[in-house]
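Chemist: Chain by chain, the residues:
There are 2 protein chains.
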Amino acid sequence: MLQPAFENNGGYMDNLLTGNHSEKIFLTSDSTVDATLSSIRHLEPELFRQTKIRLDKKTKPLGSLGMLEEFAGKVVAISGKQNPNLSKKVIFTFAGDHGVVEEGVSAFPKEVTPQMVFNILKGGAGINVLARHSGIEVRVVDVGVDYDFGNCPGLLHRKVARGTRNLSSGPAMTVEECIAALKVGIELASECRDEGIGLVGTGEMGIGNTTPSSAIIACIAGLAPEKVTHRGTGISDQALEIKLGAIRRGLAVNQPDPANPLDVLTCLGGCEIAAITGLILGCAANRIPVVVDGFISTAGALVATEMNRAVRDYIFAAHQSVEVGHRYMLERIGCRPVLDLDMRLGEGTGAALAMHIIEAGVKILLEMATFEQAGVSIGDNS
Amino acid sequence: MLQPAFENNGGYMDNLLTGNHSEKIFLTSDSTVDATLSSIRHLEPELFRQTKIRLDKKTKPLGSLGMLEEFAGKVVAISGKQNPNLSKKVIFTFAGDHGVVEEGVSAFPKEVTPQMVFNILKGGAGINVLARHSGIEVRVVDVGVDYDFGNCPGLLHRKVARGTRNLSSGPAMTVEECIAALKVGIELASECRDEGIGLVGTGEMGIGNTTPSSAIIACIAGLAPEKVTHRGTGISDQALEIKLGAIRRGLAVNQPDPANPLDVLTCLGGCEIAAITGLILGCAANRIPVVVDGFISTAGALVATEMNRAVRDYIFAAHQSVEVGHRYMLERIGCRPVLDLDMRLGEGTGAALAMHIIEAGVKILLEMATFEQAGVSIGDNS
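Chains as they are written, first to last, in our numbering: chain A, 1 to 382; chain B, 1 to 382.
Hints in this document: simulated from the structure, not taken from any laboratory. Yeah, the Cβ is synthetic: ideal placement off N, Cα and C, and Gly gets one too. Do not take every clue at face value.
To be verified - Selected chain B positions facing chain A (Cβ under 7 Å, derived; list incomplete): (1) 67; (2) 107; (3) 109; (4) 124; (5) 125; (6) 126; (7) 130; (8) 237; (9) 238; (10) 341; (11) 367.
What the hints assert, rightly or not - Straight-line C-alpha distance at most 25 Å; calculated DSS-like pairs for lysine-lysine: (12) B:122 / A:52; (13) A:122 / B:363; (14) B:363 / A:88; (15) A:363 / B:88; (16) B:52 / B:81; (17) A:57 / B:122; (18) A:81 / A:52.
Extracted from the complex, chain A is given alone in its bound form (with noise of 0.2 Å):
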């Protein structure tokens, strides 16, 4: 077990914030990371129950657009705002690089993650056609690549480490560049806010991310590791036994506590997974929906929720991969996914997708005429 920093200083205190949740809030050293967990608070009832009195008021059968409509009432909720604008939103892909590649976990070489980062800011990967069918900016960012991108332009710098080290034989980050990828995360949610950003996404790069991210949930959920441990981007049999073996040494060797999630990020995760989980508290403390992809994008979304509970009322869980451990991250954190269309790709991609169906939802809420206005009937039920 890693017993840095936090031992002392971190761990769980009482969130008495908002009154009917005395949950507890997971503190790490660092004041700007605490600071943001110490801010997000459990989303109001009242402006549900606001949102959905004018969502019946629409012409249709009452409730008839089922999850467009609770998503309506989500990000009204979320943004405190009555008429959320979501006319701009963006994708963060984050790259990183992870050591225990050199297991042989992965069916790509490890080149392929700054290949695919420059396929990215060149449009054609698959992050950038589905982010452009849905007017969904696309941002990059180095935040763990194993490769000098130089003064690349386009790419977002904010690399902490050249990829994690061997979490098979030693913890994969150090607190210092856990909390430095927490904190990329963080500064771009605040960056968004600032900008006006109504909907924001995670995506990630990285060849062998699933290897973390299967550790992540084994070791949070006490779950067998091949339970949530599954192909990827298309191993074979042989190569799925290794990024077992792998992971359970992973497990063994670093002794992460399930019950302190600085410790299992640091001892299990990547860089990108890192700056996802910041990315999110950040949303979440800047009262920013954010819609998670799929695998590896949960991975940090649960630490993020085992962090702070409230963590999950910002959420939008974007698809259900075909990983297999994705469904108990879902499970645990309590998200039903947008869309279940057999993806795993990763990037972003499912995100891309579900965004278009939220803000579909929001569209509902902002653009439908009422009974009142078209002049229509209203039924019995309403």
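Starting from the known structure of chain A, arrange chain B on it as the hints suggest.
Modeler: Showing chain B alone in chain A's frame:
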């Protein structure tokens, strides 16, 4: 059992057109409908195979975009074009009234049908909001509203009857009316081909139209009405009993032949349901992919697939409706829905959302970079 014109002329014949599929095509006594039905072929696997090869060269793990990749393959195979152009997309919202409303089967009064037609024409309905959101044009078709719209601009005037008769006491339509409504849909599909429309969606507006839809699936699949009948726009327990009674009487009085889809449609259907059947047949005949909305639209699709099984190849099921009978329809057709968002509004709202996702799949095929183009190393699963 209704046994008019098609008793002698109609019936099934072997479909040996595609070689592999010796399926039967149901024929009516109408030359336009029969020519349409006879021209619909099963898709060729070769086009799917070619598309898969192209998709496997894109910068992503093999198959990792799941259903999006299937959508791309299906649109290519349907259209017969390697690079399908989906820039023009249309949803047809067919409006019709239902005599069975006099039984008290709906929570809304009958005058809501024309009121909602006006609402859609003004752009204030749910379908307008969602279609605008995804760049889809909405066309409203009066195929059977019990209201004189006069020279109402924007409305497509294709009225075949001022509403159906009460299905609980006799056939809802005459065979002539039913054929006329089928031909409305078939002709609109031909116009779409001429206009170069790449993707069509179905929708409907008709107070009371979950009742005929439940009756149709109950009859065709031989299911007890209580298994496939739900609350529609939100009726009470008492009204649900009335609705069930009307369906039971409709099946008993008309004795429609489950093996004769035209008989089922004539006795139990609606003008808008028949027009949807026709639109789907016409799209299949003209090789235009067609996205079927929820419960009522799927009733129309079910009749179309009972007439010619090959129609199924041209259909996308937009979403899983909350209406309990919907899954029985989708099971029988053999379609997996794109979305599952607890929706039950109709109008084409589910189709509007699903069309955006299907188009996303096509854009992946057309816009994403290959490994070679992007200079990305290929994994050992490629």
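Chemist: Please go over all the hints and tell whether each is borne out by the structure.
Modeler: Going down the list of hints, with the structure as the test:
A hinted interface residue such as residue 67 (chain B) counts as satisfied when its beta carbon comes closer than 7 Å to some beta carbon of chain A; here the least separation is about 4 Å, so the hint holds. About 4 Å separates the beta-carbon of residue 107 (chain B) from the nearest beta-carbon of chain A, less than 7 Å, and the hint is met. Hint status for residue 109 (chain B) relative to chain A: holds, with the closest Cβ pair at about 5 Å, below 7 Å. Because the smallest distance between the Cβ of residue 124 (chain B) and any Cβ of chain A comes to about 3 Å, under 7 Å, the interface hint for this residue holds.
With a least beta-carbon distance of about 6 Å to chain A, the hint placing residue 125 (chain B) at the interface is held under the 7 Å criterion. Because the closest C-beta pair between residue 126 (chain B) and chain A is about 5 Å apart, less than 7 Å, the hint holds. A cut of 7 Å between beta carbons decides the hint on residue 130 (chain B): the least distance to chain A is about 6 Å, and the hint holds. With its C-beta approaching chain A no nearer than about 12 Å, residue 237 (chain B) sits outside the 7 Å limit, and its interface hint is violated.
A distance limit of 7 Å between C-beta atoms decides the matter here; for residue 238 (chain B) the minimum to chain A is near 11 Å, and the interface restraint is violated. Taking 7 Å as the C-beta cut-off, the interface hint given for residue 341 (chain B) holds, the closest approach to chain A being about 4 Å. The interface hint given for residue 367 (chain B) holds, since its Cβ lies 5 Å from the closest Cβ of chain A, which is under the 7 Å cut-off. Of the supplied pair hints, the one linking residue 122 (chain B) and residue 52 (chain A) holds, its CA atoms being roughly 24 Å apart against a limit of 25 Å.
For the proposed pair residue 122 (chain A) and residue 363 (chain B), the alpha carbon gap of about 16 Å is at most 25 Å, so the pair holds. For the suggested pair residue 363 (chain B) and residue 88 (chain A), the alpha carbons sit about 22 Å apart, so the restraint of at most 25 Å is met. As the CA atoms of residue 363 (chain A) and residue 88 (chain B) are separated by approximately 22 Å, the hinted pair is consistent with the 25 Å bound. With a C-alpha separation of about 14 Å, the suggested pairing of residue 52 (chain B) with residue 81 (chain B) holds against the 25 Å cut-off.
This hinted pair checks out: residue 57 (chain A) and residue 122 (chain B) have alpha carbons roughly 17 Å apart, not beyond 25 Å. Taking the CA atoms of residue 81 (chain A) and residue 52 (chain A), the gap is near 14 Å; set against the 25 Å cutoff, the hint holds.
The earlier numbered hints that this structure contradicts are 8 and 9.
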